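Trainee: Sequence:
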Amino acid sequence: MSKSMSYSVHPIAAALAKALEIIQSKTWTAKNENQRNLLATVENISTTDFQTLAMQTIASYSAEEINDFLAQNGFDIKLSKLSGNEFGVASIMKILMTWMESSSRSIHGGDGTNYQGVKIKENIALFDSPFSLGYIGRITSKEGFDIYLTRITEKPENEEKLFTIAQQLMNNKNSMVDASLSSISFPEVNMDCKPDISWLIGMHAGQNIISQALMQTKFTLDKTGAKAEAAAAIGVRKCIVMSDTDLVMDQPFMAWIEKPGITVPVFVAWCDYDSWNQVTR
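Each residue of the sequence shown is one higher than the one before, starting from 5 at the first, in the working numbering.
Hints listed in this document are in silico derivations from the structure and should not be mistaken for laboratory results.
One should not assume that every hint holds.
Each computed BS3-like pair below joins lysine-lysine, with the alpha-carbon atoms no more than 25 Å apart [claimed, not checked]:
| no. | residue 1 | residue 2 |
| --- | --- | --- |
| 1 | Lys198 | Lys98 |
| 2 | Lys22 | Lys222 |
| 3 | Lys227 | Lys123 |
| 4 | Lys146 | Lys227 |
| 5 | Lys125 | Lys7 |
| 6 | Lys198 | Lys123 |
| 7 | Lys231 | Lys123 |
| 8 | Lys7 | Lys146 |
| 9 | Lys165 | Lys222 |
| 10 | Lys231 | Lys125 |
| 11 | Lys165 | Lys35 |
| 12 | Lys85 | Lys242 |
| 13 | Lys82 | Lys227 |
| 14 | Lys22 | Lys242 |
| 15 | Lys231 | Lys146 |
| 16 | Lys222 | Lys98 |
| 17 | Lys85 | Lys125 |
| 18 | Lys165 | Lys177 |
| 19 | Lys198 | Lys159 |
| 20 | Lys98 | Lys227 |
| 21 | Lys7 | Lys227 |
| 22 | Lys7 | Lys231 |
| 23 | Lys198 | Lys85 |
| 24 | Lys98 | Lys22 |
| 25 | Lys231 | Lys198 |
| 26 | Lys98 | Lys165 |
| 27 | Lys30 | Lys242 |
| 28 | Lys198 | Lys22 |
| 29 | Lys242 | Lys98 |
| 30 | Lys22 | Lys35 |
| 31 | Lys82 | Lys123 |
| 32 | Lys125 | Lys227 |
| 33 | Lys125 | Lys146 |
| 34 | Lys242 | Lys7 |
| 35 | Lys82 | Lys98 |
Quantities reported herein were computed from a predicted structural model and do not represent experimental measurements.
Turn these sequences into a full structure, and let the hints steer you where they fit.
Mentor: What follows is the structure in structure tokens.
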């Protein structure tokens with residue numbers, strides 16, 4: 005079982021925003037801690053961020069259309085068939101980074117294995133943080149993205165915890181301007197993950213509820229640069245809002261009697277047509 009993991013909140017945020025647009029609602033309501041933490045993070049994400057990252061989002065009442073969109077962009081997650089009152093949304097993000105320069109080298113891992121690695125000498129900087137056990141290295145790509153690397157040997161509990169650590173380091177890093185950094189080296193990385201975001205199911209906006217939630221992430225790091233890809237797909241069930249109605253027992257029905265404070269029904273009855281008789285008292 006793979007120990008590596010990767011995650012991005014932006015495709016989830018974009019999918020949620022698109023769903024709100026369709027159901028003409030303003031906010032989602034959380035049902036658990038993971039959902040509350042996500043919504044708190046999403047509040048800090050602007051829709052202009054989606055444009056800056058050149059993200060793509062699609063909405064459809066056809067799961068096949070959503071899944072084709074994902075497949076055409078290199079993702080193999082698939083929404084289940086959507087019911088008549090359900091629609092799907094998918095959002096993808098692709099980030100490409102290329103180094104100014106690089107060279108190959110061998111990395112002797114802590115597990116005793118030699119790995120193909122990369123050495124970078126240009127556009128690098130050194131940082132530290134009270135939340136990091138070691139130094140943090142930054143590499144700036146030709147496209148203007150910055151990637152930060154630091155050694156953390158203990159695996160985070162899950163993708164959400166990994167994101168929390170990254171956010172903490174992002175907000176609490178200090179540039180070591182007086183330090184002399186000659187290079188940053190790292191092993192080549194290639195991962196394809198499917199983070200479990202099923203904890204999104206049940207989050208609702210008014211009468212509309214998330215019924216499916218899937219995610220896939222890909223990350224490569226090599227001599228050329230870095231590539232980060234992420235896709236999120238959700239299904240939203242549009243609950244029917246009923247108008248005032250008369251509830252009529254025009255078929256056999258069940259009746260039971262409860263008494264507050266008593267934990268089992270005190271009387272039950274199945275009322276078939278043979279019992280439908282006028283009562284005289």
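Trainee: Quick check: which numbered hints come out false for this structure?
Mentor: 5, 6, 8, 13, 17, 29, 31 and 34
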